[in-house]
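Trainee: Note that the protein sequences, when read in sequence, are chains H and G.
Quick note: this note's numbering has the first sequence finishing at residue 377, numbered continuously throughout.
Quick note: this note's numbering has the second sequence finishing at residue 1230, numbered continuously throughout.
Since the hints were made in silico from the structure, they are not lab data.
As the structure is a prediction and not an experimental result, all values here were calculated from the model.
Certain hints may be false.
Unchecked claim - Derived Cβ-Cβ restraints for the label pairs, each shown as a range:
no., chain 1, residue 1, chain 2, residue 2, range
1, H, Tyr332, G, Asp1084, 57 to 67 Å
2, H, Pro299, G, Val1145, 21 to 31 Å
3, G, Arg1023, H, Ala320, 53 to 63 Å
Stated by the list, open to error - Below, computed lysine-lysine pairings styled on DSS-like, alpha-carbon distance capped at 27 Å:
no., chain 1, residue 1, chain 2, residue 2
4, H, Lys255, H, Lys141
5, H, Lys234, H, Lys62
6, G, Lys1146, H, Lys288
7, H, Lys288, G, Lys1144
8, G, Lys1146, H, Lys6
9, H, Lys288, H, Lys48
10, H, Lys6, G, Lys1144
11, G, Lys1211, G, Lys1144
12, H, Lys368, H, Lys6
13, H, Lys48, H, Lys330
14, H, Lys288, H, Lys368
15, H, Lys62, H, Lys368
Unchecked claim - If you want the footprint, here are the derived chain G segments under chain H, 3+ residues with CB under 8 Å:
no., segment
16, 1050-1064
17, 1110-1120
Even for Gly, the Cβ is constructed at its ideal location relative to N, Cα and C.
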Amino acid sequence: MNLALKDIRHGLFRFVLTCFGLGLLMTVVLAMIGIYNGLVSDALAVVKAPAADVWVVEAGTKGPFAEASSIPADTRDAVARMPGVAEAGAVNYQNVEAPHAGRTLRLYVVGYEPGRPGGPQRIAEGRGIGAGHFELVADRKTGLLPGETIRLGRNRFAVVGLVDGAMNSGGDPAVYVTLADAMALQTELDPAAQRVQAARGAVSVKSASVAAVIARMAPGADVDLLTATVRQWKHLAALTQVEQEELLLVSVVDKARRQIGLFLGILLSVSAVVIALIIYTMTMEKLKQIATLKLIGAPDRTIVALIVQQALILGASGWAIGLMLILSVKDYFPRRVVLEPFNVMVLAGIIAAVCLLSSALGVRAAMKVDPATALGS
Amino acid sequence: MALGDILIEVSNVAKHFGEGETRVDALRAVDLTVRAGEVIALLGPSGSGKTTLLNIIGCILAPSAGRVVLDGEPVFDGRWLRRDLRRLRLDKIGFIFQAHNLLPFLTAEENVAVVLDLAGLHAEEGRVRARELLDYLEVGHRAKVKPALLSGGEAQRVAIARALANRPRIILADEPTAALDGARAGLVMDLMRKLAVEQEACIVTVTHDEKIFDRFDRLIHLRDGRLADA
Ligand SMILES: Nc1ncnc2c1ncn2[C@@H]1O[C@H](COP(=O)(O)OP(=O)(O)O)[C@@H](O)[C@H]1O
Ligand SMILES: [Mg+2]
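Just chain H, with the same shape it has in the complex (with noise of 0.2 Å):
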C-alpha cells in the first residue's frame, strides 16, 4: 500500500495546485536560464556568422565588437597574402535607426565583400547580394521581406533575401549590405547621427577605413605564424576566433550576463525556501498521523518513505509543469530564449538535491515525533 499516493489523492486539489504554483515558479527559473543561454548564443552569432579563423583589428583594440576598430580598407590585400591565409574579406559593422512602414527599425548594418569572408552563410529565403548596389539581405527578425525596400541614409535598399539569427550582441537584427555600401552609408551619415554612433562606442567614422579584415586559413596552417606576422604591422592585431569569442563574452555580454546569472541564483535560492517550506509543511501537517503510523508499528521506512516519495513527486510534478510551460511560452520572448536538455536536466537535479535535503529536514522531525502524541485527542 503506497501511503504518499494515497495520501496525495486524500487531498489531490491542493496538492495539485501546490504543484502547478511550484510548477510556475520553475517556469521563471527555466525562462531566466533560457534567457542567460539566449543571451550568450545571440551574443555570439554576430561572431560566429563569417566563420572566420583570425579576426584583423586595430592594434591596441578589442576590436570590431568590444571596442571600436578601424584599419585602412586596403589591409585586406595585405592579409589575403600572408602565410596560410585561404580568404580574407574586409567588413565593417554600424547601427543604423531606419524608418519602416511607419515605425524605426534600430538595425545592425554588416558591410561586406561579396564573395569573401564576413557574409552570411544561409541565405534562409530569397537570394545573397549580387554585384548591384543597394541590396540587401535582411535577418527575419527585422520584419523586412524579399521584394520590399528600406531607406538607409540617403539610398533606398533592395531587400533580396533573408537570414535568421543574424543581430548583434544587444538583439539588434543584422542587414547585410555590400561593404562599398555600408562604407558610404558611415560617411553619409549626418553630423548628429555620427555623434550619437560615436557616443555608443558602435563604430569610429573614419573614411575609406573598415573595422576587421577576416581571414580564413587554408587546411592545416598555423593559426600562430599568421597571428604573429599581423602583429609585426605596427597599427594591426589579430585575435583568434576563440580569443574573440572570449572578449565578446567577457567584456561585451559579461555585466548582462553576471546580472541574470545573479538573478538566477536569487531565483533558485527563493525556489529552494520555497520547496523546502512546502514539504516542511507536509510533513509537520501530518506528524500525529506519523505518531499514529508508529503506534500501529510502521517502521521507519515507511514513514520516510512517505515524506519523500511527497517530496519526489511534488518536485518531478513542478519541474515538469515548469518545462511545459517554458516550452510553450518560449517563443513570444522578445529575445530569443535558448534551453539545452543539459539545463532542464541540472534543474532536475537541483530540484531533487532540494526535494531531498528538505523531506530530510521532515524526515528529522517525523522520527523525534514521539508516538503517544497520538493518543492525545
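Starting from the known structure of chain H, fit chain G with the ligands onto it as the hints suggest.
Mentor: Then chain G with the ligands, alone, in the frame of chain H:
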C-alpha cells in the same frame, strides 16, 4: 473459564513525570498479571494513572522502574530489552484509542489493511481480512469510506477492527466505547471478547462505562497510582 498463558506481567512498575517540585508519581509499584482469554477493566478517577499503565503495557512509555513481560518475553527491566518496539507492537499489541486515530487519507478498509500490509501480508489477503473484520463489526458497508465521513461509532468500530487485524494477543483499549451508545457499546464489547477468546488474546480496557461492567472478568481499580483491588 480456563485461563491460558500469562500474556501481561507487570511487576513493581513505577512511573513518575518531572522531578523535584513538579514531580508527579503517576504509578507507584504496580503489579498486574493478565492471562489469555481474560477481559479486564481498568477503573479509577481521572489522573489515577490508567492511561499511563496502558501506555507502559503498550510499550509507548518507559516505566521509571520495574519489569514488564509480554507474552513470555521480557521487554522492560529497568530499560527496554528490545530495540524494535514498533515491531513488537505490530506483532503482539492492538491499540484502541479514545480518539479513533484513523488515518484520514485511507478508507475504512485501508485503515485496517495497512496494519496487515506493515506485517508483510499480501495486499489482497489483507484486504479480504480487513473486509471480514469490518463485516464482523457491522461496518462492512462503510469499507470504502474515508474516516471523515464515518460517524463516531463507525469510526470506533473501524479502529477496533484495525487493532484486531493482525491477531494481536494483547489488546489495549482506552475508553473504546465512549463514542458508542449503550446497546452498541455492549455489542462491541461482546464482539471484542469473542475475538479475544478465538485468538487466545487478552483485553485491558480503560472505561467509565458502568453499563458494560458486567462484561469484564475482572475490574481493576487504580487510585493515586496504586492498585486498589475491589
Ligand atoms: N506526559 C506527562 N507528563 C507529566 N505528567 C503526566 C504525563 N502523563 C500523565 N501525567 C500525570 O500522571 C498522572 C496520571 O495520568 P494518566 O495516566 O493520564 O491518568 P488517567 O488516564 O487515569 O486519567 C496525572 O496526574 C497526569 O497529570
Ligand atoms: Mg486517561
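Trainee: Hint by hint, note whether the structure agrees.
Mentor: Each hint tested on the structure:
1. Tyr332/H <-> Asp1084/G: 57 to 67 Å: 58 Å, holds
2. Pro299/H <-> Val1145/G: 21 to 31 Å: 28 Å, holds
3. Arg1023/G <-> Ala320/H: 53 to 63 Å: Once the Cβ atoms are compared, 57 Å apart, the range 53 to 63 Å for alanine 320/H and arginine 1023/G holds.
4. Lys255/H <-> Lys141/H: 25 Å, holds
5. Lys234/H <-> Lys62/H: 15 Å, holds
6. Lys1146/G <-> Lys288/H: The given pair, whose Cα atoms are some 17 Å apart, holds under the 27 Å limit.
7. Lys288/H <-> Lys1144/G: 23 Å, holds
8. Lys1146/G <-> Lys6/H: Holds - the C-alpha atoms of lysine 6/H and lysine 1146/G are around 11 Å apart, at most 27 Å.
9. Lys288/H <-> Lys48/H: Judged against 27 Å, a Cα distance of about 61 Å means the pair is violated.
10. Lys6/H <-> Lys1144/G: Status holds; Cα separation ~13 Å.
11. Lys1211/G <-> Lys1144/G: Not OK: lysine 1211/G and lysine 1144/G at ~32 Å, beyond 27 Å, violated.
12. Lys368/H <-> Lys6/H: Given that 27 Å is the threshold and the Cα spacing comes to 24 Å, the pair holds.
13. Lys48/H <-> Lys330/H: Holds, at about 23 Å.
14. Lys288/H <-> Lys368/H: 12 Å, holds
15. Lys62/H <-> Lys368/H: Given that 27 Å is the threshold and the Cα spacing comes to 62 Å, the pair is violated.
16. 1050-1064: holds (count 4)
17. 1110-1120: holds (count 7)
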